[in-house]
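Chain order of the listed sequences is A and B. As numbered in the working numbering, residues 57 to 553 make up the first sequence, in order. As numbered in the working numbering, residues 57 to 553 make up the second sequence, in order.
Certain hints may be false.
Since the list gives no way to pick out one identical chain from another, each pair is judged satisfied if it fits inside one copy or across any two copies.
[Claimed, not checked] Cut-off 27 Å, straight-line C-alpha distance, at most; resulting in silico cross-link-like pairs (DSSO-like, lysine-lysine): (1) K549 - K264; (2) K87 - K362; (3) K67 - K515; (4) K263 - K443; (5) K87 - K443; (6) K137 - K223; (7) K263 - K189; (8) K264 - K128; (9) K128 - K431; (10) K247 - K489; (11) K515 - K196.
FYI, nobody ran anything at the bench for these hints, they're computed from the structure. If you're wondering where the values come from, they're calculated on a predicted model, not measured in any experiment.
The residues making up each chain are set out below.
Number of protein chains: 2
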Amino acid sequence: MTKEELLAKYKEWELKTSAYKMALAIIGIDKQTVAPEGGAPYRDKRTAVLAGELFSLQMDPENIEVLRELMKMDLDGDTAKAVKMNYDEIMKTVAVPKDEFVAYQNLTNEAYGAWLDAKNRSDYAAFEPYLEKLIEGTRKMYEYRDSDLSLYDRMLDDYEPGMTQEKYDVFFDRLKERIVPLIRRVTEAQKIDTSFLHRNYPVEEQKKFMDELLQYLRFDPYWGYLNETEHPFTSGTCENDCRTTTKYLPDNVASAILSTVHEVGHATYGHQTAPEYDGTILAEAISMGMHESQSRLCENYLGRSKPFWEANYPRLQKHFPEQLGDVSLDAFVAAINAAEPSLIRTEADELTYPLHILVRYEIEKGLFNGTISTKGLDQTWNEMYAKYLGVTVPDARSGILQDVHWAGGSFGYFPTYALGSAFSAQFMHAMRKDLDVDECLRNGQYDVLMGWLKEHIHKYGARYNADEVMRLATGEPFNPDYYLDYLEDKYTKLYNL
Amino acid sequence: MTKEELLAKYKEWELKTSAYKMALAIIGIDKQTVAPEGGAPYRDKRTAVLAGELFSLQMDPENIEVLRELMKMDLDGDTAKAVKMNYDEIMKTVAVPKDEFVAYQNLTNEAYGAWLDAKNRSDYAAFEPYLEKLIEGTRKMYEYRDSDLSLYDRMLDDYEPGMTQEKYDVFFDRLKERIVPLIRRVTEAQKIDTSFLHRNYPVEEQKKFMDELLQYLRFDPYWGYLNETEHPFTSGTCENDCRTTTKYLPDNVASAILSTVHEVGHATYGHQTAPEYDGTILAEAISMGMHESQSRLCENYLGRSKPFWEANYPRLQKHFPEQLGDVSLDAFVAAINAAEPSLIRTEADELTYPLHILVRYEIEKGLFNGTISTKGLDQTWNEMYAKYLGVTVPDARSGILQDVHWAGGSFGYFPTYALGSAFSAQFMHAMRKDLDVDECLRNGQYDVLMGWLKEHIHKYGARYNADEVMRLATGEPFNPDYYLDYLEDKYTKLYNL
């Protein structure tokens with residue numbers, strides 16, 4: 057075949073692939089937002105059929121041959137990268153028999169339902185058999201792969217290409233070294249009053265404020281939609297279809313707000329990726345850590361800053377005059393930045409957050425290296441929380457069952473969250489060299505900040521790898537010291553240490 | 057192949073088919089409720105790819121051979137019926153080339169966007185080229201079919217198997233004969249006050265009442281979900297996944313309520329079909345008229361009745377004390393039943409409704425028989441509304457652009473609405489023989505009424521045809537006199553004629 061014929065075949069395959077991916081994305085969003093629970097078994101069974109169809113399409117030997125031929129040819133940079141990425145992705149699973157792949161999809165769908173149910177009843181024992189099957193199933197999937205990496209390293213590499221247990225161990229050790237003593241000092245310092253955040257904040261009123269906040273964040277209904285869900289996530293199908301979700305808590309005014317600033321950060325990344333990458337693998341996430349760096353940057357570096365609230369706090373007070381009328385801007389900003397070891401990862405403060413990840417990282421390592429078992433894992437979890445965070449876990453709902461990830465078969469994903477926080481510190485440092493970030497936040501010029509992220513990070517999509525984007529945007533390789541310096545500086549000042 | 061092998065092949069095909077149908081249903085619901093508009097071109101293009109995949113699957117010669125073989129065998133009644141129905145469906149389109157089928161899907165997707173836009177701007181000229189292309193495309197699709205029926209009869213038969221222009225002409229003539237003079241008498245009688253229905257009814261408060269009404273209607277979140285849309289519809293994927301939609305108007309308290317009672321009627325039909333039919337063609341609509349008969353029965357015979365409001369009116373008054381505190385139950389019930397020629401089909405009263413359908417029926421007939429053109433069709437529309445309903449259409453938004461159907465390529469669908477109203481009168485007559493309907497409504501026993509519909513109609517799904525179900529449920533063939541008698545009796549009393 058000529059290059060043109062090969063490219064035509066490839067484009068046809070790419071379009072078909074993107075159609076199945078779109079269907080699965082929409083079915084997934086639907087499932088986690090509005091779909092009636094009773095229909096889940098019916099839908100899950102058929103979703104697995106569609107995933108199986110996509111799998112067959114991806115593993116089609118004829119297409120693999122097309123990719124192999126194209127890799128030998130002189131292609132433009134974007135196409136060359138996309139072809140190579142598709143090929144590498146396919147090689148990861150090409151050895152998995154289709155029926156096992158479909159069975160694994162079925163398992164994760166069932167396990168999601170079981171997890172939701174077990175979480176509602178705070179019953180780890182009910183979920184444990186599923187977790188065991190998930191680990192066994194995931195192990196089998198990864199064993200089919202032709203790779204020199206250890207089993208858990210293969211998982212880590214899927215979410216953050218290039219990262220290994222060895223590298224993560226170094227990162228987490230360095231983090232422990234500087235952050236654990238800092239947390240001890242903060243815990244011993246005078247507490248910051250956060251009680252007013254937990255007054256009664258009717259959800260309906262929270263939604264009205266959210267409508268205004270979304271405008272400040274430039275989350276435009278033309279390309280985005282905010283829905284509600286149990287466990288907030290962001291998904292979508294293309295540049296102009298980025299969906300995100302939130303969860304309102306009547307006794308916590310900050311939760312939905314900061315979670316939304318975070319998720320809109322993800323959505324904005326998707327929206328600002330070069331539109332010509334739509335439908336190609338280049339529009340997919342470059343790495344989980346890199347994507348998370350953008351949501352964390354928005355949540356922590358922008359959304360928790362004083363200038364952000366100089367613009368937004370008067371609006372919030374207007375919606376909640378009884379609850380916040382007597383609370384000063386400084387007191388509010390201090391409260392949403394207060395650090396205190398706690399139970400729920402998604403509600404954790406910036407300082408203690410990485411320790412929540414550390415617990416999950418160590419458990420995952422143990423589960424796949426055979427040193428930890430699912431039996432009594434809720435107890436192991438509770439012991440680690442006592443050891444690292446000094447907190448007592450009262451039940452599985454606020455313990456091991458709090459996160460959806462494992463129920464979906466996502467192992468090796470959690471560590472990228474801590475990495476993302478560290479990436480964002482370095483990006484923020486670079487952005488501050490170019491822009492007066494505080495002035496932009498005060499003046500409601502959130503679009504200027506998002507514009508900087510677009511130019512230096514988002515537009516590339518997955519065209520370059522994480523390391524390359526880091527160098528392009530900041531002029532140097534990843535350096536976790538920006539993150540550790542930032543945390544030390546911020547919390548030393550906040551707590552007058 | 058043995059019977060068992062053939063059945064296994066058939067079941068595999070049936071499951072795969074149902075997976076694509078589910079994906080397309082969910083993508084469709086998503087599109088019409090929450091999906092960001094900006095992503096529509098991307099999604100539409102890929103939706104057409106998926107529809108094309110389904111098409112290939114349905115037209116697969118190997119499967120057609122399996123169906124042919126199975127039809128020669130001794131199968132259980134359900135399977136025999138499903139195999140025959142699938143075969144007949146496939147024969148309708150087997151001659152359509154796949155690329156033309158996909159192009160037609162693309163066209164209807166594009167046309168939907170163009171219609172929405174044209175309707176917003178009330179600009180028929182902007183939609184006219186799409187309508188022309190839709191008619192040309194639809195004509196082409198139907199010309200491929202091997203059938204003795206005329207082109208428009210083929211369309212009519214698709215929505216209501218067995219119905220033809222000849223039969224519809226008889227039905228509409230009989231209807232005109234008795235209803236047109238009745239409308240004249242009503243128009244000359246003293247008007248019923250409906251002004252209070254159009255006071256200011258904040259949407260948020262309407263939603264609170266709706267939550268309570270959904271409980272009365274036994275619309276259970278376990279199997280159902282109500283969302284908002286521009287043009288209310290009902291869809292779903294299985295027994296326990298029935299979605300419906302509504303549209304709130306701040307200046308019309310009855311609109312969203314009655315539209316929801318109507319749509320929940322459709323959803324209940326889906327929910328009450330025998331669960332063992334899930335995923336098979338037997339769970340699909342038996343005919344549009346039959347489905348519509350159930351939604352109309354709920355809307356008009358139950359939802360507009362005095363006993364229904366004896367149970368629900370005090371609740372509605374509680375939500376709108378300022379707007380309805382001075383309005384008696386009788387005045388309210390009279391108002392929601394008042395008849396007056398008007399512009400919008402979906403807002404039309406029960407009496408004038410069939411004339412809205414008559415206009416569309418005559419236009420469709422003309423478009424496909426070549427006596428009417430799309431050029432200046434808005435004027436033709438307006439003239440017919442003046443002639444049949446005596447009203448002046450001020451703009452295309454409240455005229456020819458009001459309905460979504462043609463934009464989706466649905467021609468031959470409208471007449472089933474009038475037929476559905478007529479069917480429901482006959483069903484209602486039979487139900488009243490078995491149950492004290494009024495007492496059930498008063499006591500909030502809506503489930504008892506739905507139970508009757510389940511036993512006599514819903515559970516069968518498409519297992520029997522419309523004529524057979526009519527005989528099973530009422531003991532006699534369809535007789536439009538029940539409908540005409542009902543309208544005459546109701547409106548003679550309401551207007552003291």
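The hints, checked one at a time:
With identical chains, the CA atoms of K549 and K264 are never at most 27 Å apart, being 34 Å at best within one copy and 47 Å at best between copies. In this homomeric assembly, K87 and K362 never come within 27 Å of each other (Cα to Cα): the closest approach is 37 Å inside a single copy and 39 Å across copies. For a Cα distance limit of 27 Å, the shortest separation of K67 from K515 inside one copy, 22 Å, qualifies, whereas the shortest one across copies, 46 Å, does not. In this assembly of identical chains, K263 and K443 lie within 27 Å of each other by CA distance neither inside one copy nor across copies; the values are 38 Å within and 49 Å between.
Taking the shortest Cα distances, K87 and K443 never come within 27 Å of each other, neither inside one copy (37 Å) nor across copies (49 Å). When the C-alpha separation of K137 and K223 is checked against a cutoff of 27 Å, the pair qualifies only within one copy, where the shortest distance is 26 Å, while the shortest distance between copies is 63 Å. In this assembly of identical chains, K263 and K189 lie within 27 Å of each other by CA distance neither inside one copy nor across copies; the values are 39 Å within and 43 Å between. Taking the shortest alpha-carbon separations for K264 and K128, neither the intra-copy value of 56 Å nor the inter-copy value of 63 Å comes in at or below 27 Å.
Within a single copy, K128 and K431 get their C-alpha atoms no closer than 50 Å, and across copies no closer than 55 Å, so neither meets the 27 Å cut-off. Taking the closest pair of Cα atoms, K247 and K489 never come within 27 Å of each other, the shortest separation being 33 Å inside a single copy and 73 Å across copies. Taking the shortest Cα distances, K515 and K196 never come within 27 Å of each other, neither inside one copy (36 Å) nor across copies (43 Å).
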